[in-house]
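Start from chain A and add chain B with the ligands according to the hints.
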Amino acid sequence: MRKETLQAWALILPALLLLVAFTHWPAVATLVDSFYTTPKGSRPPRFVGLENFTDLWTDPVFWRAMHNNAIYAIATIPISIVLALAMALAVNTAIPGRALVRMAYFTPTMLPMIAVANIWLFFFTPDYGLFDQILAPFGGGRHNWLGDTATALPAMIAVAVWKEAGFFMLFFLAALQAMPPDLKEAANLEGSSRWNFFRRVTLPLLMPTTLFVLVNAVINAFRLVDHVVVMTRGGPDNATTLLLYYIYEAGFRFWDTALASTLTVVLLILLGLLAWLQFGVLGKRIHYR
Amino acid sequence: MESGSTEHGAEVRLSNVTRLWGATAALAGVSLHVRAGTFCVLLGPSGCGKTTCLRIVAGLDHATSGTVEIGGRDVTALPPAARGVSMVFQSYALFPHLSVAENIMFGLKARSVPAGERAKRLDRAVEILGIGHLLARRPGQLSGGQQQRVALGRAIVAEAPVCLMDEPLSNLDAQLRAEMRRELLALQRRLGITMLYVTHDQTEAMGMADQVVLLRDGRIEQDAAPADMYAVPETRFAASFIGTPPMNLLPTTATSAGLVVTGTETPVLRPTASRPLLAGIRPEALRPAETGLPVTVSHAEYLGADTILACSIGSVGSVGSAGDTRLLARVPGRVSMPDGTPIRLAFDPADLHFFDADTGHRFTAA
Ligand SMILES: Nc1ncnc2c1ncn2[C@@H]1O[C@H](COP(=O)(O)OP(=O)(O)OP(=O)(O)O)[C@@H](O)[C@H]1O
Ligand SMILES: [Mg+2]
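Protein chains in written order, with the working numbering: chain A, 1 to 289; chain B, 1001 to 1366.
Just so you know, these hints were derived from the structure itself, not from any lab.
Heads up, none of these hints are tricks.
Listed next, the in silico DSSO-like pairs over lysine-lysine satisfying Cα-Cα at most 27 Å (straight line): (1) A:Lys184 - A:Lys284; (2) B:Lys1109 - A:Lys284; (3) B:Lys1109 - B:Lys1120; (4) B:Lys1109 - A:Lys184.
Derived CB-CB ranges, DEER-like: (5) A:Gly283 - B:Thr1064: 46 to 52 Å; (6) B:Ala1136 - A:Leu203: 17 to 23 Å; (7) A:Met179 - B:Leu1020: 25 to 31 Å; (8) A:Ser193 - B:Ala1231: 45 to 51 Å; (9) B:Ala1136 - A:Leu273: 33 to 39 Å; (10) A:Ser193 - B:Ala1136: 22 to 28 Å.
Idealized CB from N, CA, C, for every residue including glycine.
With the rest of the complex left out, here is chain B:
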C-alpha cells in the first residue's frame, strides 16, 4: 500500500437481505461476506438483482428485510453519505456543467474539506489516473474512457473504505475495457480498498475478482474464488455461466456397464447412480483422439490461438443417436475439419463433473 495513504478497506456483510418489488423479489435472502480489501465481483445474468444489491449496500435503495454491515457497523438505517462508501455509476453520473476538477472535488466541497486538503487529494487522484490535462474540461468534452476515469477520480478522493461499481466498463470498447480492467485492479490493490463490482461479463469476473458471487433470480448461486468456481461449480447454472465457452452439460443414460452419455455406448463415465445425472465437461478438457466420445463435427471456428469445434453427439445417421445433443470442444491451434467429419473426443475422467438432473446441484459420489 502507498505510504501516507489513509485508505484501508472495510468488510461488508449482508445478512438475509430481501428486496421486494410488489410480489416479485429482486433479492431473496442474500447473505454475503466480503472481507476487507477484497475485490468482490457480483456476477449474474440480466435482472438477477446485481444492481439492487449494490444500491442496497450504498443506501440508495432499502432492503425490505435483512441487515447491511460495513466495517462491523450496522448501516441498514443510515443515509448513503454516512456509510463510508463511494460509487461509480454505470452512467458515470458526472455533473455536465462542472469541470473535471470541480466534478472530482464536488463531494469534498459538500463535506467542507479544507481547500489545502482538497487540492492534495485532487493532485493524488490526478496523478494516479493520468488526467492532469483534462481538469478544465467539461464531461461533454471527454471520451467515454476519460469520463470513466473522472468518475473513478471522484470515488478515489472520497477515500471511502468501500467502493461500489455498477458495470463501469460496459460503455467502453473491447480494447479500452481490457486496459481499464487492469488499471482498476491495480488501483484497488494500491489503495487497499474493498471493492464491490457488478458485471454480467464472466471474463471480467474471472480476471479481476478475489471473490465471485454468482447471483440468479435474486439468490446466491455460488460464492467462491474464481478458480474454485471454475474448477468446482456447485450447480449446473454456475457450470453453464462460467468459462468461454461454458461447460458442456450432457444428458446421461444408465446401461449395464455403467453411466454413458445418452446416444453413445462408450466411454462409461462412472458407475450408475441412484438419480438421473447430467455430465459436465469443459470444452478445453476435450481433445480429438483415437478413442473417446463419438461425435460429428458440425462446424469448426478458428479463433487464432485455438479452434472451437461445434459437434453433435453420435455419428451421422447412427440409429437411435441423440443427434441433437450439442457440445463444444476447444482445441489448441488450427484444426481444419470438413463439416460432417466423425471424430472421437477423449478426456481425462478427473475433468468430469456431475449434476443432479432434477435439482441442478453438484453430485458427489457417496
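Same shape as in the complex, but just chain A:
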C-alpha cells in the first residue's frame, strides 16, 4: 500500500513539477506581486495592499484597454460563432468539392498568427493593399486602415474573426456529423421544414458544442494579442490596446511588474467570472446527450 502510494507520486511528479513551475507558481507569484510595488534598482518591493488596484481604477489607459477589449469581444465572439455555424452547415451538405471548401475554411487556423498578421498587413496597406485596390474603382480614396483610430480596431476584429471562424467551424462540423441522419429523415416525413428542423432539432442538439465554442471564444477574445504586436502595437493612440497587450507592454517594455501583475489578476478574475456565468447560466439549460 505504501509502496503503491510512493509509486503514484513518482508517476505524477514530472507532470506536477511542470504544472507547478509554469502554471501554479507563476499564478501565485503574480497574485503576490500585485500587492507590492515594482522593485527599482536598489529599492526592494514594498507591500502596499490594494493600492495597485486603486491606482488602476484611475488609470485612463486601463479603461481604454477594457473598453477596447469589450468592443473586441462583443464583436468577434458572436460574429465568429455565427459564421462558424453557417460555414459548418454549408460544408455539411453534399456539395461538389466540399473537401476543398472545408480545407479552405480551416486554413486560417493552421497559419501562425504572425503570418496571418503579415498577410493582413498587406491587405490593409494604403493604396497598394487589397482593400484599397478593390475599393479604388468604386471611388474609394486611400485609407490608412490601421493608422486611423476609427478603423484600426474594426480591422483587428476582422482579422480575429477570419482566424477564429474556421477553427470553431471544425467543432460545429464534428457535432453535425455526429447527429444521426435518421432524425432529419424522421423530421422530413413529419412535414418539418428545413428552418423548423434547424430551430427545433439542430440548434438545441448543437448547444453543448456552442457552449464549448463560446467559452473558447471568450477566452480567445482576451488572449489573442499576437496580431496587435505585429500590426499596430496598440496604436494609434491606444485605439487597439487590448488588455493582454497592455499587460505585455507594462511587463516587458516598461518592466512595471506591479502594474502587470495587477492587470493579470484583474484579467483572471474577469475570465473566471465570465466562465462561471456561461457554465452556470447556460449550462443548466443545455441538453447533454
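Frame of chain A, contents of chain B with the ligands only:
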C-alpha cells in the same frame, strides 16, 4: 374500427421498381400490390433490399426506375411529407432533447395542427399505448420497449393511411418482442391502416402478416398469404426460408421403381420425372415409424413441447449411402434416442414438395 377514427388504409402499389447503387441492384424490378388495410410483411435475408424498398415507399430514397402509388395516386416524385405515410425507424429516431410528449407532437406542430386537435390526438395515442406516465421524460430516460412505443405514438398521431416499419422489434428482448408483436397487430387492426413491415425474422412474418413478400437479391421470390407460403412454397428458397426449422430439401435419384431419396431404395416418392428434382418435406411432417425413410439419428434436441431429431440419410456404414445428407424431424413430446440409433421416418405423400434442382422452381407433375 374505432368510432370517430379518421384513419383508414390506402393501397400501396410498386410497379417495376429498380434501385441501382452503381452497378449493383438493391431492387431489380419489384412489382407489389398491398391492398388497403393489410398487414404486409417484407421478409428476406440481410441485404436483400427490404430497407431500400421501404425507403422508396417513404420517399427517403428514390427509385432508379419504376413508379410508386399510394392510395391510387402516383407519388414517385413527391417528397416524403406529401405521401401520407408515417414511419417507425429501426433506431426509433426520437429527438433526444425533446420530451416524450414533444416528440409525439413534433410533426403536428410542424404541420401547424391547432393546439386543441394536437392535444386530442396525443391523448388518444397515449391511451392506446399506455405511456401516460412517461410524457415528461426524455428518450434517454426510457427503456427500449418504451422508446418503441413513443416512436409508435409519433406514427399514430400522424394519422397517415400507410405506416412503414423497419425491423421495429429487433432491439427488444424475446419476451417483449412477442408482446409488442401482438400489440402492433392489434393496433393495426384497430386503426385499419395499411402496414408495411420489414423483418428478417420469418416467425414474425408468419405470426403477423396478411401478406408476406419474400425478397431475395432485390427480387420478389414469392408474394402470398403466410399460410400459402408455408403450404405451397413456390421456390426452393421460399421453402428453406419459412418454417422453424425450415423444410428439408433432399437430393433424389431415379431408379427403375421411381424416384427415391439419394442413398435409399425405399420409399418411392413419385414416378421418375424428366428433370432432376429436390424432394422437400417439412420437419413436422416426419414421424418415427416401422416403415419409411431410413435414417440415423445424430442428435436429439429436446425443446419442451417437442424434440428436434437431427438425422443423416441411410444407416451408418451402409454401402453407398449419402451419409452426409442431413435432415431434421420435429416430433411431439420428449423422444430420447442415443446418438447413432437407426430409425425410419414415415410421412404422408401429400406432404411432399418437389423443386426443380436446376432452377429451384416448384415442380408440379404435368
Ligand atoms: N447507400 C448505399 N450505397 C451502396 N449500396 C447500398 C446502399 N444502401 C444499400 N445498399 C445495398 O443495397 C442492398 C440492399 O440493402 P438494404 O439495406 O435494402 O438491405 P436489407 O434487406 O434492409 O438488409 P438488412 O436486413 O441487413 O437490413 C445491399 O446489398 C446493400 O449493400
Ligand atoms: Mg435493413
